[in-house]
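Heads up: the protein sequence lines correspond to chains A and B, in order.
Number 116 in the numbering used here belongs to position 116 of the first sequence; there are no gaps in the numbering.
Heads up: take any position in the second sequence, counting from 1, add 1000, and you land on the numbering used here.
Rather than coming from a laboratory, the hints here were simulated on the basis of the structure.
Just so you know, not all the hints are guaranteed correct.
From the structure, some residues in chain A lie toward chain B, with a derived Cβ separation under 10 angstroms [claimed, not checked]:
#, residue
1, 84
2, 97
3, 132
4, 143
Cβ-to-Cβ under 7 angstroms is the rule here; a few derived chain B residues that face chain A [as the list claims (entries may be wrong)]:
#, residue
5, 1234
6, 1238
7, 1242
8, 1243
9, 1267
10, 1278
11, 1341
12, 1448
13, 1467
Straight-line Cα separation of at most 25 angstroms, SDA-like style, residue types lysine to any residue; simulated pairs [what the hints assert, rightly or not]:
#, chain 1, residue 1, chain 2, residue 2
14, B, 1286, A, 150
15, A, 159, B, 1268
16, B, 1278, A, 32
17, A, 159, B, 1332
Note that beta-carbon positions come from the ideal geometry of N, C-alpha and C, so glycine has one too.
Take a look at the letters that make up each chain.
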Amino acid sequence: MGEKYKIWLGLKLVAILLISPTSGLFLQQPLLNKMLLFFTTLSLFFHLNFKTPVYKYIFLICFISLTYIQISSTNIQNTYSFNDHQKYINQNRLDQYPPSLARVGNIIENRLDSPIVYRLRQNLFDSFDFVNYFKNFFLPIFFIPFLIGLYKLLKNPNKLVISTTLISIFILSIVGSHGSYGPIIIFPFITIIISYFSCEK
Amino acid sequence: MKNKLILSAILLFSFIFYSYKLSSVPSSVYVDEAVTGYNAYSILKTGKDENGKILPIYFRYFNAYSPGLYTYSIIPLVKFFGLNTFSIRLLSAISGVFSVYIFYLLVNIFLKSENKSLIAALFYSILPWTLFNSRLGYEVMYAAVIFNTGVYFLYKKLPNISNIGLLLISLSTYTSHNQRYLAPLFIIGYFVIIKKPKIKTLLILLISQIPNLVLVFTPAFWVKNSVFSVKHILLQFITYISPKTLFFELPDIDQQHLIPKISILYWWMVIPLFLGLKKLSPKISKEYRLLIFWAIISLVPASLTGEFISIQRALPFLFPVAIIISLGLTQINKILLLIAFPYSLFLLIRSYFFFLPNEQYLAWNYGYQQVSEFSLSHSQESILVDNSRNVRNYILPLFYQKYDPRLYQQNLGNFISSHYYQAPAQLSTYKYNNLTFGSIKWDKIQNYNYIVSDGLSISPDQAKEHKLILIETISTKNNQTSQEIYKVVK
Chain A
1 MGEKYKIWLG LKLVAILLIS PTSGLFLQQP LLNKMLLFFT TLSLFFHLNF KTPVYKYIFL
61 ICFISLTYIQ ISSTNIQNTY SFNDHQKYIN QNRLDQYPPS LARVGNIIEN RLDSPIVYRL
121 RQNLFDSFDF VNYFKNFFLP IFFIPFLIGL YKLLKNPNKL VISTTLISIF ILSIVGSHGS
181 YGPIIIFPFI TIIISYFSCE K
Chain B
1001 MKNKLILSAI LLFSFIFYSY KLSSVPSSVY VDEAVTGYNA YSILKTGKDE NGKILPIYFR
1061 YFNAYSPGLY TYSIIPLVKF FGLNTFSIRL LSAISGVFSV YIFYLLVNIF LKSENKSLIA
1121 ALFYSILPWT LFNSRLGYEV MYAAVIFNTG VYFLYKKLPN ISNIGLLLIS LSTYTSHNQR
1181 YLAPLFIIGY FVIIKKPKIK TLLILLISQI PNLVLVFTPA FWVKNSVFSV KHILLQFITY
1241 ISPKTLFFEL PDIDQQHLIP KISILYWWMV IPLFLGLKKL SPKISKEYRL LIFWAIISLV
1301 PASLTGEFIS IQRALPFLFP VAIIISLGLT QINKILLLIA FPYSLFLLIR SYFFFLPNEQ
1361 YLAWNYGYQQ VSEFSLSHSQ ESILVDNSRN VRNYILPLFY QKYDPRLYQQ NLGNFISSHY
1421 YQAPAQLSTY KYNNLTFGSI KWDKIQNYNY IVSDGLSISP DQAKEHKLIL IETISTKNNQ
1481 TSQEIYKVVK
């Protein structure tokens, strides 16, 4: 398969992923988000395949804008609030420590592994929630090229993709994935990883 | 010599870890454990299962038709220790220890370093998934260890074919539903990836599968099969492989499968998993190709069977994923690993030995031992136990009372035993001794002296209307109602 053909195939994949009404990804977003998603993904795709600096700058500008949308559309207070049931469970667990270990229990349950630490961990793994992504935003069939693409990305890591993906995961870990538009900041990277399936060796 | 001592210490530690408080953690006997134990007891006493079937290949077990090797294997333990929680869970604990040993041998093939393999085996021994399944009174860990030992023999003899390895994998199909699906897929893949088999090998496999082949055309063979769409199967597969499932929170609807505040692998292991995957990629030798194939197909049985997520069906995935994580562990700084080990062990002990027995009472069928004792102390009076939310609960007093299997079989009649593999429908009412298990029919409650409900079937108004007096509430330590016993006023 020639290099040009691979790029063309990858581009088609990106386009299908972004505009396919069946994927649910594009339909759920307002116009500004649609445009940002489109340009973030395409600029990263072009940067990876043509290595032209201008695409990198366009990508970074779009990525920063997406980051802003992700943060501003998420109610962070909700992310770190706990309902009565959660408080009851935490107190119940604290009560399970024997009296002689009550102080240790308090340090562990309320500081080292407090509900907030637990919530941060929950946010982190929400950003790795493949079920959510491939059930609600991408067609499940794209999971197979995603796995192959991820494998190829790990084999030939690209600094820009890896670093911005990690930044997205970090942001989602802090603010949570339950903003008005979902974990929008991660979508371009999932799309790009799927396109790796065809484009990279 | 030093490494052998360290390995022995790891195995000793594993045995203590998997057998400590084996009778009391988890807090009571689950129906699947009770049915396994009682059927082993029934075979021991009568040569027949609870339904009166002589030495079945698959046990009916609530219409699941489970392969019976685990049940047969615990008979000596039931004979020696008696029918109790310890005797039915002990074989799983021993299998767990053996799985640590096999894991060490297998991971050494990939790591090619005894020191690194010992570290990997130590971390494997404290995985929540390993501990949890090594303390269950049914077949999952036993089946996995037979299968994995077979895989080890295959790897050991590469590039030649190991008939012992293939025979063990074939044998595992008589232990669990998982392996019945997995073994043929694995063997076919093995022949394609590694080497084409000789006629002799195929004949050995064919002969070892005669009991399964005899039953392949009966409904009992296919009871766990349903037809699902490709999308459903794919989504199931994605759920099992998702890092959120593996490292943070199980989407399993069955509370009995869960350990509070921990998933099946430690959250920090997501890092060695990705490092391990990266390390896999440049080395596409036959060994690695077989490992990748093994990892993928080990989730096929879980993805194909059932509408819901059941993490126990995904247990075959444990070994390949733990090997990949081990490849990544070797790239992590030793000081970090020295911190990670006690931290992980602490998380596990806290969740498994403290939170689980205190929070998961109801999921583990707590309360039926007390119901059994009540029934024995009121042997002249008839008792109705409501089973509208748990039609399988009849097995628990059979287990706790060590009820004479001959009497139970006589009472049941011979319809089920004579149509055994035709998978006749599960009964809705069971009777033995002074106990009847069925749903409450208000016009017939006067036939009973006592009614046992799970706390949801009888409201205070209904109790008043039907002249029922609450005489005892069986509660869990965290004040959840397990069972309520009502006296019927005549």
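Structure-based check of all given hints:
1. 84: violated (16 angstroms)
2. 97: holds (8 angstroms)
3. 132: holds (8 angstroms)
4. 143: This interface hint holds because 5 angstroms falls under the 10 angstroms limit.
5. 1234: holds (4 angstroms)
6. 1238: Where the cut-off is 7 angstroms and the nearest Cβ of chain A is about 5 angstroms from residue 1238 of chain B, the hint holds.
7. 1242: holds (4 angstroms)
8. 1243: holds (4 angstroms)
9. 1267: This hint holds: residue 1267 of chain B lies near chain A, its Cβ roughly 6 angstroms from the closest one there, short of 7 angstroms.
10. 1278: Nearest chain A Cβ about 4 angstroms off; hint holds.
11. 1341: violated (17 angstroms)
12. 1448: Constraint on residue 1448 of chain B not satisfied, violated at 36 angstroms.
13. 1467: violated (36 angstroms)
14. B/1286 x A/150: holds (21 angstroms)
15. A/159 x B/1268: Holds - the C-alpha atoms of residue 1268 of chain B and residue 159 of chain A are around 23 angstroms apart, at most 25 angstroms.
16. B/1278 x A/32: Violated - the C-alpha atoms of residue 32 of chain A and residue 1278 of chain B are around 37 angstroms apart, more than 25 angstroms.
17. A/159 x B/1332: Holds, at roughly 21 angstroms.
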